[in-house]
Amino acid sequence: MAVKEEDSHTQCSEAGEYEEEEEEEENDTQNGEQNEKRHHPLDDRHALQFLDSLDDYLIQMDSLSSILRQGWLELASARHSMGASRVNGALLDLKFHNASTSLRVTQDDDDSGVGKAHFTLSKWASSGNGENGSGEGKLREDKSPQLRHRSISPLSETPEKTSSQIGASLIVDEQVQKERLKSLSVFGTLVSPKLRTAQLSFETALGKLVEIANTRSTLLSAFDQVKEEIEGTKD
Amino acid sequence: MYGFEALTFNIHGGYLEAIVRGHRAGLLTAADYNNLCQCESLDDIKMHLSATEYGPYLQNEPSPLHATTIVEKCTLKLVDEYKHMLCQATEPLSTFLEYITYGYMIDNVVLIVTGTLHERDVQELLEKCHPLGMFDSIATLAVAQNMRELYRLVLVDTPLAPYFSECITSEDLDDMNIEIMRNTLYKAYLEDFYKFCQKLGGATAEIMSDLLAFEADRRAVNITINSIGTELTRDDRRKLYSSFGLLYPYGHEELAVCEDIDQVRSVMEQYPPYQAIFSKLSYGESQMLDKAFYEEEVKRLCLAFEQQFHFGVFFAYMRLREQEIRNLMWISECVAQNQKSRVHDSVVFIF
Numbered sequence: 001m002a003v004k005e006e007d008s009h010t011q012c013s014e015a016g017e018y019e020e021e022e023e024e025e026e027n028d029t030q031n032g033e034q035n036e037k038r039h040h041p042l043d044d045r046h047a048l049q050f051l052d053s054l055d056d057y058l059i060q061m062d063s064l065s066s067i068l069r070q071g072w073l074e075l076a077s078a079r080h081s082m083g084a085s086r087v088n089g090a091l092l093d094l095k096f097h098n099a100s101t102s103l104r105v106t107q108d109d110d111d112s113g114v115g116k117a118h119f120t121l122s123k124w125a126s127s128g129n130g131e132n133g134s135g136e137g138k139l140r141e142d143k144s145p146q147l148r149h150r151s152i153s154p155l156s157e158t159p160e161k162t163s164s165q166i167g168a169s170l171i172v173d174e175q176v177q178k179e180r181l182k183s184l185s186v187f188g189t190l191v192s193p194k195l196r197t198a199q200l201s202f203e204t205a206l207g208k209l210v211e212i213a214n215t216r217s218t219l220l221s222a223f224d225q226v227k228e229e230i231e232g233t234k235d
Numbered sequence: 001m002y003g004f005e006a007l008t009f010n011i012h013g014g015y016l017e018a019i020v021r022g023h024r025a026g027l028l029t030a031a032d033y034n035n036l037c038q039c040e041s042l043d044d045i046k047m048h049l050s051a052t053e054y055g056p057y058l059q060n061e062p063s064p065l066h067a068t069t070i071v072e073k074c075t076l077k078l079v080d081e082y083k084h085m086l087c088q089a090t091e092p093l094s095t096f097l098e099y100i101t102y103g104y105m106i107d108n109v110v111l112i113v114t115g116t117l118h119e120r121d122v123q124e125l126l127e128k129c130h131p132l133g134m135f136d137s138i139a140t141l142a143v144a145q146n147m148r149e150l151y152r153l154v155l156v157d158t159p160l161a162p163y164f165s166e167c168i169t170s171e172d173l174d175d176m177n178i179e180i181m182r183n184t185l186y187k188a189y190l191e192d193f194y195k196f197c198q199k200l201g202g203a204t205a206e207i208m209s210d211l212l213a214f215e216a217d218r219r220a221v222n223i224t225i226n227s228i229g230t231e232l233t234r235d236d237r238r239k240l241y242s243s244f245g246l247l248y249p250y251g252h253e254e255l256a257v258c259e260d261i262d263q264v265r266s267v268m269e270q271y272p273p274y275q276a277i278f279s280k281l282s283y284g285e286s287q288m289l290d291k292a293f294y295e296e297e298v299k300r301l302c303l304a305f306e307q308q309f310h311f312g313v314f315f316a317y318m319r320l321r322e323q324e325i326r327n328l329m330w331i332s333e334c335v336a337q338n339q340k341s342r343v344h345d346s347v348v349f350i351f
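Protein sequences, first through last, are from chains A and B.
Counting in full-length UniProt numbering, the first sequence runs from 1 upward without gaps.
Counting in full-length UniProt numbering, the second sequence runs from 1 upward without gaps.
One chain only, chain A, in its complex shape (with noise of 0.2 Å):
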């Protein structure tokens, strides 16, 4: 009798036993499982975001390439109603002068540490304006200071930060007139309105083209890293 309660004690703790590895399993698959939930979040963010890079880079290259072409055709149409002899290439000005655009490339860490390039244009700088760069970045440094002074200041002093923003805006855009002006120029002082159009679409390209850059090397640094996810799931 007690060999059989011995023998049914034993039966007890090795079914015991197989219950408490079966229940271990369970456990462990559960914590398995959980470790698995709480990876997914991070490799779904890394492939949406390349996933959502390479669509604006397909969308903006799509959007370059009809900017250009209007452009091209734009600067067709001058040719035409201003004649050959104006507008061509023999007109453009080799001397030494300034660039009116300038293109600033700087070393990002995005948020897992990854080092990207990010592309900074600065439109229409004049040679007066140099150290403070463009007309645009002096109408930021210009704005941030009157932000912080507007929660402090009383309200009678609001009009007045409002009109001075909207009269730097208006100088910023008559100086950016004047710069578009002149690069026009080696074409002659009074050009076609269909010039000054096809500029802009260069000028909008040339912005695009930043753009691009910029969308690139997000979709780069994003792939890197989802290629280091996967090099790291396989390991």
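Everything labelled a hint here was simulated from the structure, so no lab data went into it.
Nothing here was measured: the structure is a model prediction, and the numbers come from that model.
Warning: the hint list may mix true and false statements.
Claimed, not checked - Part of the chain B face toward chain A, derived, beta carbon under 8 Å:
1) T114
2) G115
3) T116
4) R120
5) E333
6) Q339
7) S341
To be verified - Computed Cβ-Cβ distance ranges for the label pairs, DEER-style:
8) A/V186 / B/A139: 17 to 23 Å
9) B/P62 / A/R45: 55 to 61 Å
10) A/V210 / B/Q59: 43 to 49 Å
11) B/E269 / A/F119: 46 to 52 Å
Think of the CB as a built atom: it goes at the ideal place given N, C-alpha and C, for glycine as much as any other residue.
On the provided structure of chain A, position chain B as indicated by the hints.
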């Protein structure tokens, strides 16, 4: 009033009038333009043009063609026809034909001076000059630093010399001075041509007065629109308008103070011939204004052929050929850029 041109015109001008009327018959028709507008490539355009009078000028051009090549070769045809007429002409028709080329001369002078200011090679600039505006000492223009030197060294021996009296200064040449010089010269040239035609009298005076007045009015509108938003003052703008035409003097006074296209429109709509032109445009739009003016000009030029025994047919023919070359340039650009949907934006049918 007309003189008795019918009695004496054919003695000296009959042959050339017949020649120019024959050339007029060779202008491209609407059917030709429809075929050209459907071309898929510049080689197709060359193939279609080979069946026209432009054939011999394009047949030896190798592929791949460029739009500027087509325009150059078509211009060569115009130049050959002009030179043939000039060498056959007697006075006063020869002077009349020479007057037609002074506009090209002014454009070439400005091209050389502007290009030199931008430190371009003179040979490169000479290649871009219009062949009808060439003269012997044109390459010497690159030496001049200001308008006084320009006149003294080069232009004093050219037909443009009398037009320089209003714009001679010792200021160094810059973009604004050159633009004012261009428009001042062209104003003086138009006024001189107008007086010459008035002196000829008869049908030539009547028809050419109408055509030149339209040219002066169109230039006034273009100067106004192109100077909106620039540093050109109202007084300087007014000085660039010609002293004749339908808009002279009251229209010019109103145009001089216009600040946008809608104000220009409100001024021009007071004149019935231009009301029809501006009625084709929507408010604030100026893109189709060129085409509207070209269409009106073509209509007036074609009417010049309805009458005989006058010199206006030569002027009208040259201008119609220019329009044809502009059409071919636009069609070529649209085909080359794969933008055939826009080809009818600027093509003006002549017949």
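Status of the hints after comparison with the structure:
Annotation: interface hint on B/T114 holds; nearest CB of chain A at approximately 6 Å, less than 8 Å. Taking 8 Å as the C-beta contact cut-off toward chain A, the hint placing B/G115 at the interface holds, the least distance being around 6 Å. This hint is violated: B/T116 has a C-beta 11 Å from the nearest C-beta of chain A, more than the 8 Å allowed. Because the beta carbon of B/R120 sits about 6 Å from the nearest beta carbon in chain A, less than 8 Å, this interface hint is met.
Interface restraint check: B/E333 against chain A, minimum CB-CB distance 4 Å, threshold 8 Å, status holds. With a least beta-carbon distance of about 5 Å to chain A, the hint placing B/Q339 at the interface is held under the 8 Å criterion. For the restraint placing B/S341 at the interface with chain A, the shortest Cβ-Cβ distance is roughly 10 Å, beyond the 8 Å limit, so the hint is violated. Distance hint for A/V186 and B/A139: a CB-CB separation of about 21 Å, consistent with the stated range 17 to 23 Å.
The supplied range of 55 to 61 Å is met by B/P62 and A/R45, whose beta-carbon atoms lie about 58 Å from each other. For A/V210 and B/Q59, the Cβ-Cβ distance of about 47 Å falls inside the hinted range of 43 to 49 Å, so the restraint holds. Restraint check, B/E269 to A/F119: a C-beta distance of roughly 49 Å satisfies the suggested window 46 to 52 Å.
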